[in-house]
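With chain A fixed as given, assemble chain B onto it according to the hints.
Next come the chains, spelled out residue by residue.
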Amino acid sequence: MSGSGGSPRALPWALVTPALAWTLLFFVLPFVAMGLSSLTAHEGGGFTLTNYSQFFTDPSYWRAMVNSLQVTAIVTVISIALAYPFAWILAEQVPERWQRLALMLAVLPFWTSYVVRSYSWLLVLAQNGVINRALTGIGLIAEPLQLANTRFATVTGFVHFFVMLLTLTIFANLKQLSPSYRKAAADLGAGPVRTFLHVVLPLTLPGIMVGAFLTFVLCIGDYITPQILGGNNELLMPQLVMMQIGRRGDFPLASALSIILMAVVTVAYLACARWLKIERA
Amino acid sequence: MRAAVRLAAWLYAIAVYGFIFLPVVVLILFSLQATSFPIPPFTGPSLRWYQAVLSDARLTSALVNSLLVAVLSSLASVTLGFLSAWGFARFVLPGSALLRGLITLPLTVSYLIIGMGLLVLFNWAGVPKSLIAAGIGHVVINLPLCFAIIYSQMGDHQINIERAARDLGAPEWKVLLMITVPVMAPAIFAGFFLSMTFSWDEFVISFLLTRFETTLPVEIWNLLRSGLNPKTNAVGSLVFAVSIVLVVLFELTLLRRKPA
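Respectively, the protein sequence lines represent chains A and B. Under the working numbering, the residues of the first sequence are numbered 1 to 281, in order. Under the working numbering, the residues of the second sequence are numbered 282 to 541, in order.
Be careful, since some hints might not be right.
Here are a few chain A residues that face chain B, going by a calculated C-beta distance under 8 angstroms [claimed, not checked]:
no. : residue
1   : P18
2   : T48
3   : L122
4   : N149
5   : H160
6   : S255
Per the computed footprint, the stretches of chain A lying under chain B, defined by three or more beta-carbons under 8 angstroms from a beta-carbon of chain B, are [as the list claims (entries may be wrong)]:
no. : stretch
7   : 27-36
8   : 102-110
Derived by calculation from the structure, the hints in this document are not laboratory data. C-beta: ideal position from N, C-alpha, C; glycine also.
Here chain A stands alone, though its shape is the one from the complex:
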């Protein structure tokens, strides 16, 4: 291919091999190790399927998966419902020259450290935190509400993160829409509401689906937010996984639970991918 010295066949492989080797060694091989580990007994080390059967028979493990799916679904729906109108206002109501600044401000806290962001919500939601002090101060409630260490706190922390993420993706989506679609709808006599419902919303739906999928994947695999904000009152899958390592050093069970969690994400991906393709056709 090139006229210079050396074997022209060797060069391309020399370029791509380091990255491939890294991926095989530190991504594929660990995955194989995890798969093998999940089939090993914690005590003794023989081959066993108990790590998987334990998940399907023990209701407390099931419960963690159900909790995870519920929290993820609630977070995804609320985040999209909050972010869509917000992104629409930024794209349609804010003057063009201020949009860049408005968007940058809207995602500024996105750049705070993830651990610190969850901790900040703890400050807001704590027993004698800002919200409870404000509510008791104006006499709306007599006793402070239990806000921290609840599912409400976990969902709030997640929604805060994903509203920013989805505002970015939906904003980009709305800006990509050609204005001629809206003009055509107006010329044909559609009011702003009909134009939005029948033109803008359907055209941005694929983008919303991508955002929803991203939210699902990042939310269901996250350990930090439920651990800091939800506490241990109810466990989500990532917390259950970490618990096996932290308290009991049970790598086989942690491996099996990780693989089950990954399988759920893969199923969601396959379902989502099919949906998106239908949308494009």
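Below, chain B alone, put in the same frame as chain A:
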């Protein structure tokens, strides 16, 4: 009617901005608290908790560790990502689509599972927990990102410039260093910057793969065990400030490059 919509839109936008900024404002405000609890009423302003952070050897060494891991793992990610992107974009390789898919596969797996896999593997292989182990994990998550960014930016017009250089007799390494790298600089920079921010903020892989010497997010996590503490507010505010400086630098560099 139109005015009512505008008013509603404004109120809604203000409410969402309020929601987005509430925890950050509370974090920074109570980092300046003079007393020992970061809860109302506000007793500051005082810088005592910033002094406490800067004189805490564990936190400052964790900060240095975090920077080291972020810079080195990002350099490795961007180097491996760039070389492989160049190889796949310029040469016809058998099974190219499959191999490219393999390199980007880690993007679809959560950090927790990548960290778990490495923990199990290193545990079996007898590799001790260390900053290097965490750095290896950070390259696993950032290499696909660098590859995807750089590969997507390798256009046809750049192939022509490279061809011209080769026709003029430049050896392959010279084409790479003097043509490809400068032309691809924005994509390389973007990949490096994103890797830096992701590594700087990454928690769960570092948590699983380090023991005594660790990174800043893990050290902050350890601070959380002591409950609400203005010191955590102070270190959190400092980390936020560093990130904002990085983002602003990134924006300025991109804006400066745009007209070119």
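Tested hints:
1. Checking P18 (chain A) against chain B by beta carbon gives a least distance of about 5 angstroms; that is within 8 angstroms, so the hint holds.
2. Checking T48 (chain A) against chain B by beta carbon gives a least distance of about 16 angstroms; that is not within 8 angstroms, so the hint is violated.
3. Satisfaction of the interface hint for L122 (chain A) is found here, the shortest Cβ-Cβ separation to chain B being roughly 7 angstroms, below the 8 angstroms cut-off.
4. Given hint, N149 (chain A) at the interface with chain B, is violated; its Cβ is 12 angstroms from that chain's nearest Cβ, farther than 8 angstroms.
5. For the restraint placing H160 (chain A) at the interface with chain B, the shortest Cβ-Cβ distance is roughly 7 angstroms, inside the 8 angstroms limit, so the hint holds.
6. Look at S255 (chain A): its Cβ gets to within about 6 angstroms of chain B, closer than 8 angstroms, so that hint holds up.
7. For the stretch 27-36 of chain A, the assignment as covered by chain B holds, since 7 residues bring a beta-carbon within under 8 angstroms of that chain's beta-carbons and 3 suffice.
8. Judged by the Cβ-Cβ criterion of 8 angstroms, the stretch 102-110 of chain A is covered by chain B as claimed, because 5 of its residues qualify and three suffice.
Violated hints, listed in ascending order, are 2 and 4; each of the other numbered hints is respected by the structure.
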